[in-house]
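J.: Line by line, the protein sequences give chains C and S. For the first sequence, the residue numbers in our numbering are 100 to 435. For the second sequence, the residue numbers in our numbering are 1185 to 1600.
Simulated from the structure, these hints should not be mistaken for lab results. Any given hint might turn out to be false.
As the list claims (entries may be wrong) - What follows is a set of in silico ranges between Cβ atoms, one per label pair, in the way DEER data are often shown:
(1) E1318(S) to R432(C): 18 to 28 Å
(2) R435(C) to K1216(S): 48 to 58 Å
(3) A425(C) to E1318(S): 44 to 54 Å
(4) P1378(S) to K287(C): 20 to 30 Å
(5) V1186(S) to R435(C): 22 to 32 Å
(6) D128(C) to E1318(S): 50 to 60 Å
(7) G146(C) to E1318(S): 56 to 66 Å
(8) R1507(S) to Q329(C): 56 to 66 Å
(9) L412(C) to E1375(S): 46 to 56 Å
(10) K1373(S) to Q336(C): 35 to 45 Å
(11) D1322(S) to R435(C): 52 to 62 Å
(12) I196(C) to E1375(S): 16 to 26 Å
(13) L412(C) to V1186(S): 50 to 60 Å
(14) A425(C) to P1511(S): 22 to 32 Å
To be verified - Derived contacts from chain S toward chain C, CB cut-off under 8 Å, selection only:
(15) G1248
(16) R1332
(17) K1337
(18) L1341
(19) P1564
Built from N, CA and C at the ideal position, the CB exists for glycine as well.
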Amino acid sequence: MKENVENRKREITYLEAVREAMVQEMRRDPEVFLLGEDVGVYGGAFGVSRGMLEEFGPARVRETPISEAAIAGAATGAALMGMRPIAEIMFMDFITISMNQLVNQAAKIHFMFGGKASIPLVVRTPAGSGTGAAAQHCQSLEALFMNVPGIKVVTPSTPYDVKGLLVASIRDNNPVIFVEHKLLYRTKGSVPEEPYAIPLGKAEVKREGHDLTVVAYSIMVPRALEAAEQLSTEGIQLEVVDARCLKPLDKETIVQSVCKTGRVLIVHEAPVTGGVGGELAAVIADSEAFDFLDAPIRRLAGRDVPIPYNRTLERAAVPQVEDIVAAARALAREGR
Amino acid sequence: MVREVIMPKVDMVMDEGTFVEWLKEEGEHVKKGEPLFIILTDKANIEIEAPADGILSGVKAQPGDVIPVTDVIAHILEPGEELPAGVKAKPTVAPRADVSGDTGAAPAPPTVGGSEPGTGKVRATPVARRLAAEMGIDLARVTGRGPRGRIHKADVLAFADRQQVAIHPTEVARAAAPVLEVPLPDARKKEVVPLTGPRKIIADRMTYSAFTAPHISLSLRVDMSEAARLRARLIQPLEEKTGQRLSFTAILARAVATVLPRHPYLNASLNGEEIILWDDVHLGIATSVEDYLIVPVIREAQDKNLEQIVAELGDLAERARTRRLTPGEMTGSTFTISNLGMFDIESFTAIVNPPESAILAVGKIVDTPVGEGDGIVLRPTMSLTVCVDHRIVDGATAARFLAELKTTLENPYLLI
């Protein structure tokens, strides 16, 4: 009992939670293995897989050539043969090189062969700006995959969620793009030691409020929560819904929240045009929440620019806490 | 000083007048009190006098024009003065509102923010539309406070709130209280409270009354010794019967309901060219609920005994506090009693609640030195002030009412 209490209180980082999920799943299921650039001796570009080579050996923690197409192709082939690969793409920007394997093969095989095969593949990849890594190492390309049937897209925001969602993704029989945010790696939170799975396609209300719903995911969830904290001192109560999984999308939780508040601000880091926000806005407008809307559905998202190297410009290119505060305040007050 | 010449309101139900002719010409010198122009109301041609000495300038009204009351139709200037810059005709206020009507609906505001000029379309949020449809509210009549006049949920609810109270601010009342062109003080704002709902209705009605009914007020003090004795005797039996405590307001209500039928002009309404003398005494009891005023009504109070009044008053007051009164219970009074004694107010005057002709302002009961025989004794006395619309109630008429009310309260056993 005492152990359990301590266990619940245990705080680890988002990065450690990712590693713990992989390690526990690899111990549980011999078909699960990790492949990627520098994931072995070096422990991965961000150190996520540090120590794993020592435990599982080079057969299950596989170093690959610098070819994302090869990583995705090898992972797809292994999955086709019944294994459960976790492929790490060092920066999400490089996932573009693996697109043919992921979009035209991994996403399609199950359907084109009458369900005879499935592709239980997870592509883990760090995304997002804030590290001064410039335009080719800072992108958030999740929207590309939302438009590909057959692929799931998961975007966790907390250490607890990232562990449970990664476990669920590894156990899922479909290709999953698992988007980790670089700035979240060092955030800490309470994470149980024992393995657990959070079902894919379930959003979570991270904070309850009645004036305005903020739908966010990944790094924008902690920013929205901080904005909510600030605005609560002004008497504006934000409800923060963490979408957690973009595909399948938990429309019900989002729509319910908007029905309750009548106003919604969608926040994401990826560029606004053609982004996830447009899809979310359409889902809300097309639901029973329409009749409860008391203000336009608004998006606060990244600017339509390549992420600049200059730190000031980099910061200005994506929503920060103060931007969320300002946008939410204006929307909450409109017509009131 | 530049003086405005306006279309006057010469009749309670007058919203606009037809201009007949000028009796002076542009540029002519006029004297205050001289006939200046003629208008035609529903009933008659009326000569209107010049409001000031000076030179008639900026004449706008032409024979045959139909002009809303209070619209400026000319200016009177002193020698050397010029017309104010940018003087233009006010926008015409179109909808015709019925002051005495009892439809329970507020008339359309002069401009409706939510509508797109020329398109007939209303700018409103989905929830505002749904609520309006559910509540049977025409969005074209709702003023939107959102960006570009967009109607939000709060606007529909505020509109519904106004309707529910079923008191109707009128165009005339609006026109009678134009926004003053006076600069606001340069001070930090604590809050800006929109003038909506009950507050707006109170503002409209009080402005209407203050600017149309010339008020006079008469006061006297009543010795409440016997009334206090009566109350002490009856408080327990009445509480057993009704569950309500006998208040001085209840005794006063019973006294007014008894006396008022013998003074019909204080229980009357001026309606155009008619004075309606009411047979029923529908007694309004002004009640402060949170930050606004409502007036629950004891209907046909002349036929109710003290016990009935105590029971009804207690029930109305309780439901007023919990906001569970129906619109019908808050409208239609023929006379109002306003008692501020509980706030230690010793005496005050009030504004007649239209379309009534009189209101009774009641102060605190105070122990007062009174001469008796050769000595001075302390007696509980209470100030009563009756404020009346002098158009239909003269001073002596009001005085007779007040005197009889005093006699009755000082010998209250006739009330049982």
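J.: Would you mind marking each hint as holding or not holding in the structure?
T.: Comparing the hints with the structure gives:
1. E1318(S) to R432(C): 18 to 28 Å: holds (25 Å)
2. R435(C) to K1216(S): 48 to 58 Å: holds (50 Å)
3. A425(C) to E1318(S): 44 to 54 Å: At 34 Å between Cβs, range violated.
4. P1378(S) to K287(C): 20 to 30 Å: violated (46 Å)
5. V1186(S) to R435(C): 22 to 32 Å: About 41 Å separates the Cβ atoms of V1186(S) and R435(C), which means 22 to 32 Å is violated.
6. D128(C) to E1318(S): 50 to 60 Å: holds (55 Å)
7. G146(C) to E1318(S): 56 to 66 Å: Cβ of G146(C) to Cβ of E1318(S): about 58 Å, so the range 56 to 66 Å holds.
8. R1507(S) to Q329(C): 56 to 66 Å: violated (35 Å)
9. L412(C) to E1375(S): 46 to 56 Å: Check failed, 40 Å falls outside 46 to 56 Å.
10. K1373(S) to Q336(C): 35 to 45 Å: violated (24 Å)
11. D1322(S) to R435(C): 52 to 62 Å: Taking Cβ atoms as reference, D1322(S) and R435(C) lie about 22 Å apart, which means the hint is violated.
12. I196(C) to E1375(S): 16 to 26 Å: Given about 59 Å between the Cβ atoms, the range is violated.
13. L412(C) to V1186(S): 50 to 60 Å: For L412(C) and V1186(S) the Cβ distance comes to about 59 Å; the hint holds.
14. A425(C) to P1511(S): 22 to 32 Å: violated (42 Å)
15. G1248: violated (43 Å)
16. R1332: violated (10 Å)
17. K1337: holds (5 Å)
18. L1341: violated (11 Å)
19. P1564: It is violated, given that the least Cβ distance between P1564(S) and chain C is near 48 Å, above 8 Å.
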